[in-house]
Amino acid sequence: MSATQIEDDVAAISKRWKSKRGSLIMALHALQDRYGYVPRDAAMSLGEQMDVPLARIYEVLTFYNYFRLESPGKHVVSVCLGTACYLKGAPNLLKRASETLGIAPGETTADGEYHLQVVRCVGCCGLAPVATINELLLAKVTDEILDANLAPGRVDAAAATAGANDGKA
Amino acid sequence: MAKLTIAEMQARAAVEKPAPGMPVIKVGMSTCGMAAGAEAVFATLGQEVQARGLDARVARTGCAGMCSMEPLVEVKLPGEPAVMYGGVTADFARQIVAACAENKPLPTEFRVPSIGQLARVSGEPVGTGSEPKQYRIVMRNCGVIDPEEIDEYMDRGGYQALTKVLGSMTPEDVIEELKAAGLRGRGGAGFPAWLKWKLTRDSEGEEHTIVCNGDEGDPGAYMDRSVLEGDPHAVLEGMIIGGYVIGAKQGYFYIRAEYPLAIQRIEKALRQARAAGLLGNNILGTDYSFNVEVRLGAGAFVCGEETALIASLEGKRGTPTPRPPYPSVKGLWGQPTMINNVESLANLSQIIVHGSEWFSKIGLGKSAGTKVFAVTGKVKHAGLVEIPMGVTLREVVEGICGGSATSVPIKAVQTGGPSGGLIPAAALDTPITYEDLIKLGSFMGSGGMIVMDETDDIVELSKFYLNFCVDESCGKCAPCRIGGTQMLRVLDKIADGNGTEADIATIKRLANAMQKASLCGLGQGAPNPVLSALRYFEPEFRDRLVSVKN
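From first to last, the protein sequence lines are chains C and E. Position 160 of the first sequence, counted from 1, bears residue number 175 in the numbering used here, the numbering being contiguous throughout. Position 314 of the second sequence, counted from 1, bears residue number 317 in the numbering used here, the numbering being contiguous throughout.
It should be emphasised that the hints constitute simulated quantities derived from the structure, not laboratory data. It is possible that some hints are incorrect.
Cβ-Cβ distance ranges computed for the label pairs, FRET-style [to be verified]: (1) C:A166 to E:Y329: 35 to 45 angstroms; (2) E:E541 to C:Y73: 28 to 38 angstroms; (3) C:Y73 to E:K511: 48 to 58 angstroms; (4) E:E210 to C:A27: 49 to 59 angstroms; (5) C:L69 to E:G500: 44 to 54 angstroms; (6) E:T111 to C:A119: 49 to 59 angstroms; (7) C:R71 to E:R326: 50 to 60 angstroms; (8) C:Q20 to E:K383: 50 to 60 angstroms; (9) E:G49 to C:E150: 15 to 25 angstroms; (10) C:Y73 to E:P328: 46 to 56 angstroms; (11) E:Q120 to C:Y73: 34 to 44 angstroms; (12) E:D94 to C:E150: 44 to 54 angstroms; (13) C:Y73 to E:A520: 52 to 62 angstroms; (14) C:R31 to E:R326: 54 to 64 angstroms.
The beta-carbon is built from N, C-alpha and C at its ideal position, and this holds for glycine as well.
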């Protein structure tokens with residue numbers, strides 16, 4: 016993304032939120048929705064356009080778990096470690112995902128394809144254990160379902176999963 | 004939709020809606036349902052109905068509570084009771100449509116209890132004991148209406164409470180009604196709702212604000228998500244009434260960013276309510292003007308703490324501040340602010356419509372009304388249940404949810420999440436009330452109820468919960484920041500088999516310090532899971548000590 020592109024994106028976000036009190040977090044959400052993370056250049060531009068010191072922006076960004084400071088790669092694999100998922104074997108799923116992708120939680124594969132992370136409860140505890148790949152939610156995840164969704168060379172995450180879910184839940 | 008007036012709303016209430024003269028097929032389309040494949044089922048049903056030229060309606064609805072049986076499909080033929088199916092596949096969806104089209108009996112496989120068989124509905128009398136155990140006040144419309152259609156909410160009496168309040172009640176009347184009803188905060192602590200409302204109303208300030216706390220951070224709890232997704236207008240109606248009572252012009256929904264569907268449905272509800280004249284300037288043609296905006300959380304458990312939530316709404320780090328001053332006196336931007344839980348607000352319209360006398364008779368003692376629980380973990384039928392308070396833990400876990408999901412007996416139940424406590428199987432006959440759960444060393448909490456079986460390791464679980472609180476500690480006060488880490492280190496030592504007798508004493512001492520000296524509920528509550536584990540399962544800790552092993 017070019018510097019002008021960032022300036023334009025930030026200008027639009029700033030226009031939407033600047034006049035509203037306390038809206039820094041909403042503006043940061045908008046940035047992350049746009050890029051998948053909050054790029055440093057964008058944070059700096061936001062600070063200038065919304066008249067917020069950069070230190071304030073980073074104090075907020077680093078406090079909240081939801082915000083990412085680095086590009087997560089194409090597919091964000093989130094394994095839920097909420098209590099229900101924990102009891103139903105999520106730690107093993109996390110380990111398996113980590114071994115399959117060859118990265119620790121919080122890391123991104125060298126080719127930029129996958130980012131692995133832990134989430135605290137996505138609110139689908141009745142279908143535990145759950146994992147998500149980008150927007151897609153996988154329910155009652157087994158080793159097989161996980162493997163099918165993390166298979167090397169697999170182009171589209173959604174297609175394989177729709178099959179895996181159909182009728183199994 | 005044209006802007007409505009009080010008179011029009013009153014007229015609307017008097018009109019009885021005829022039952023549809025065609026089959027109605029509803030699909031549960033909340034996050035759980037979609038994860039289990041409801042979208043494919045919904046699409047298939049639509050295509051089949053069209054392909055066969057069948058005169059039937061395929062509709063979406065919210066969470067019926069039987070999450071482990073998703074995708075759920077309810078079929079209602081004219082003049083017949085509704086039939087519910089669970090674990091529906093695209094293939095089976097075709098069979099359902101075929102039966103409707105060919106006038107054949109509905110398939111008998113995949114049947115699960117219908118909502119009517121599971122629960123009584125808001126407004127019905129308390130009963131004598133032969134009816135279903137569940138009683139749905141908060142979840143009255145979940146799994147029944149299309150949450151994206153304001154008309155369906157209004158056809159079930161929606162916004163009639165607001166009409167009554169604006170048409171014939173003063174703010175003081177509403178507060179009196181809440182007091183008589185005995186509603187207590189459903190976020191966990193159980194503070195009397197009427198008192199919170201009165202304190203905020205009575206506080207001096209330029210701009211009173213009402214906030215709905217939808218930042219459901221407790222892992223293992225998702226009641227609020229289901230209500231926001233399944234019946235957004237119910238929460239909004241409670242909030243509009245709340246704004247009138249405390250004299251607010253502005254309200255905020257503070258919702259977890261991790262709940263995109265809930266956010267989307269609330270935003271849609273806000274647009275619909277504005278268009279109908281139920282929100283915005285001169286609501287229902289009266290002098291009352293009130294606006295609501297959505298603000299997103301960003302993954303910080305501590306923001307469930309009122310003062311931290313306010314800091315987050317102001318765009319800052321979510322660190323708590325000492326109380327007093329309470330938010331009811333000095334909250335958002337230093338102004339009187341009332342923060343209510345999703346479930347508390349969803350109760351409100353029902354108290355207004357059906358009356359405090361009806362409400363106060365449901366429940367037990369000082370715990371009036373119902374509570375929604377997300378029962379999960381090693382239980383056969385994981386899902387949401389709404390029960391009158393006073394029902395026992397055993398009736399919920401074994402009666403409604405079918406007991407252990409494995410062949411292994413249940414060992415314990417955890418309520419109150421990372422600030423709550425373990426309750427051993429031997430205490431399952433305890434009635435669920437605010438007071439009884441505290442006596443057991445746990446607390447009501449927001450509604451997570453996690454079931455553990457005999458294979459679950461209590462020491463590891465204690466570590467799991469404590470680890471969560473250590474991760475989520477905001478770091479502002481030392482007792483929580485340092486105490487939690489220290490305690491975790493000692494627990495690790497015990498779990499690894501290197502602990503001594505003195506370590507157990509250290510844990511208890513640290514817990515005491517954290518409970519007494521932490522700034523907010525996160526630090527004060529963090530030792531609870533460990534303490535309750537020690538209270539009921541101390542031998543499991545002792546078995547790992549060095550002296551025992553050698």
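Here's how the hints hold up against the structure:
| no. | hint | in the structure |
| --- | --- | --- |
| 1 | C:A166 to E:Y329: 35 to 45 angstroms | violated (54 angstroms) |
| 2 | E:E541 to C:Y73: 28 to 38 angstroms | violated (45 angstroms) |
| 3 | C:Y73 to E:K511: 48 to 58 angstroms | violated (39 angstroms) |
| 4 | E:E210 to C:A27: 49 to 59 angstroms | violated (29 angstroms) |
| 5 | C:L69 to E:G500: 44 to 54 angstroms | holds (48 angstroms) |
| 6 | E:T111 to C:A119: 49 to 59 angstroms | holds (50 angstroms) |
| 7 | C:R71 to E:R326: 50 to 60 angstroms | violated (25 angstroms) |
| 8 | C:Q20 to E:K383: 50 to 60 angstroms | holds (53 angstroms) |
| 9 | E:G49 to C:E150: 15 to 25 angstroms | holds (22 angstroms) |
| 10 | C:Y73 to E:P328: 46 to 56 angstroms | violated (29 angstroms) |
| 11 | E:Q120 to C:Y73: 34 to 44 angstroms | violated (55 angstroms) |
| 12 | E:D94 to C:E150: 44 to 54 angstroms | violated (26 angstroms) |
| 13 | C:Y73 to E:A520: 52 to 62 angstroms | violated (30 angstroms) |
| 14 | C:R31 to E:R326: 54 to 64 angstroms | violated (34 angstroms) |
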